[in-house]
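Chains as they are written, first to last, in the working numbering: chain A, 1 to 487; chain B, 1 to 132.
These aren't lab readings, by the way, just hints derived from the structure by calculation. Note that this is a predicted model, so its numbers are computed, not measured. All C-beta atoms in this analysis are idealised placements derived from N, C-alpha and C, irrespective of residue type, glycine included. Mixed in with the good hints, there may be bad ones.
For the chain B half of the interface with chain A, some residues (derived, Cβ under 7 Å), not all of them [what the hints assert, rightly or not]:
1. T35
2. A69
3. V73
4. V75
Using 25 Å as the maximum straight-line C-alpha spacing, the simulated DMTMM-like pairs for lysine to aspartate or glutamate come out as follows [unchecked claim]:
5. A/K438 with B/E127
6. A/K261 with A/E415
7. A/K261 with B/E127
8. A/K438 with B/D119
9. A/K438 with A/D301
Computed Cβ-Cβ distance ranges for the label pairs, DEER-style [claimed, not checked]:
10. A/L309 with B/P125: 56 to 64 Å
11. B/I2 with A/D476: 26 to 34 Å
12. A/M1 with B/F89: 31 to 39 Å
13. B/R93 with A/V442: 26 to 34 Å
14. A/A11 with B/L26: 57 to 65 Å
15. B/R93 with A/Q444: 47 to 55 Å
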Amino acid sequence: MRELIGLAYLAICAAIAVWAARRTRTADDFFVAGRGVGLVPFAIAAMASTLSGFAFIGGPGLVYAIGMTAVFIILPAGVTNTLGAWVLGKRMHRLGTARGLFTVPDAIGARYRSPAAQGLSAVAILAGVVGYVATNALALGVVIDALFATGLSNGIWIGTAVTLAYSASGGILAGIYTDVFQGLVMAVASTAVFVVALDAGGGLPAITRTIEAADPALLGPWGARGAMTALSFFFVFAVGSLGQPHIAHKYYMLHDLPRLKWYPVLMTVAMVLAQLLFVGVGVAVKALVLRGEMPPLVSPDDATPQFLLRFVPVVLSAVVFAGVAAAIMSTVNSFLSIGAAVLTHDLPRALGRTPVRQLLVGRCWTVVIAGLAAVLAQQAGLLVAFVGILGYGLFASTLVPALAIGLNWTGATREGALASIATGLTLTVGLEWLVWSKRLTVPQGITVTGITLVTSLLVFLGVSWLTGHRAADQLDADVRAVLEDQV
Amino acid sequence: MIALVVGLLGIVGAYVGVLVGLTSPLVPMAMALGTTAVLAGIAQLAIVRAGRATPRLARAVRWVFGGMALGFVGVLVLPAPVAGGPLLFGLPRSTVILLSVVGVLPLLTLPIAYARAFDTEVLPPAEPRRDA
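Please model the complete structure; the sequences and the hints are all you need to start from.
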């Protein structure tokens, strides 16, 4: 039954991809879905590409291990869903249509009239994209192996090939409409498993009593890791969300601005439903293990798979496996699209060349990035572990200052943007490398991304103030009009 | 902008406190208030039109981030929950207070405030509804 539902899921994705591929005729279609996406697909696609397999596997495992501390990773969603539209939505959309932009580095280049800033942010995005796609390809391989017993290596190649098929043919247009289907699968699966999890645990009060008898801190307000770690997570995932390029560039795709009005409401509802499993399975499995109704987990990441195998009806567990695959594939598609756009469009522009035949070149780069990521993913546990942790922090520390602050502050300067992007890039890669190679230990309560994000923000503000006399000259009239709502 | 800078310095202070091994409750307090100030500062930057904050959205920022700061501080000064203590909605009371003020309050308030202010403050009638 699981295999059948898995195949049905892949067949529906393929059908949507064929439909979308026939409508992909220009680079605009390929990279920004022809700027014609409506509210509902826009919101659900944003949710689907925001949540990777971590929401279904790693997240519940983290709740199992450290309790409420892990909830601070998803708690900022109450703020970030609206803050994204508030801070980026209108300005990105206006800039996109005024200048024909279709990448995040495009917006940075236009904001500061700087090919160097566009190129540097493109390099940061590319580094993060390869890491994200590689770790998600590995996760997809694990899911496909679990469903079809293909072996991990074959699972990685099959998963990459399926995602690549619609990403290379239909680009982000195919991605958006497969995301809608995949987002609905994720929301349904998450909600249903949340209900089953609470029921299996005997209800939330019973779960809480079991857990607090063993460790009262776990379900206390800050969880097992304490207030500083919880607050660090909150800071990184609240502020860092404003620099995630796969979400920011979706604002170019919206058909028209009035549709932005209800986007935060719809996105919030979708996110809440899709994240119920994150908390529900984590706490229920903890209680079940403590009561001896489940054997102790070998690894916290086993929380969801073990719960599905033992407590969830086979049809629902198959839908959840499809939901995990959906979460991974939708994220991979988004990253393939922005990675291909960087190579097709941003880097040539930064080097002073005019991008040519962007649709064809974009498709070729999509294949190259996916292939490279699949090869990296085959090195499970080695290099992929390092590149995987780079992504979020790189995006946050390089893009939040120059993009999120820069689009809302006319006093920001090109020098500030360049300095902050360079700081974020070097500091993130350097510190993550030192931590990963065990040459540096970060004390509990601090995250590397927290350090790099604060530093790059302060560098951006400091250098912009020092060079503030140049700010007015660096703003083109149409960009200033967008920033000052004078359009 | 002042809130943003003060907030960032608060976070730097908290991180330095952890690095030098301070165990004072002021360390997480600085982190909590710093984070709230940074978020409020960014939100405030985005709602300034012609040098003045748009009133409805500014009110939402004050309510949400003011509530968030109070929630963080309140829970930081409350004693840690103990086994067998009172529950609210199936969870320890201090956990529910934090989840409500930091998670549910913005979740319910911000999207609605944004939608209600959209036609007057985000995209007022003077601005084109569609770009050329």
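Worksheet item: Going through the earlier hints one by one, which of them does the structure break, listed in rising order?
Response: Violated: hints 2, 3, 5, 6, 8, 15.
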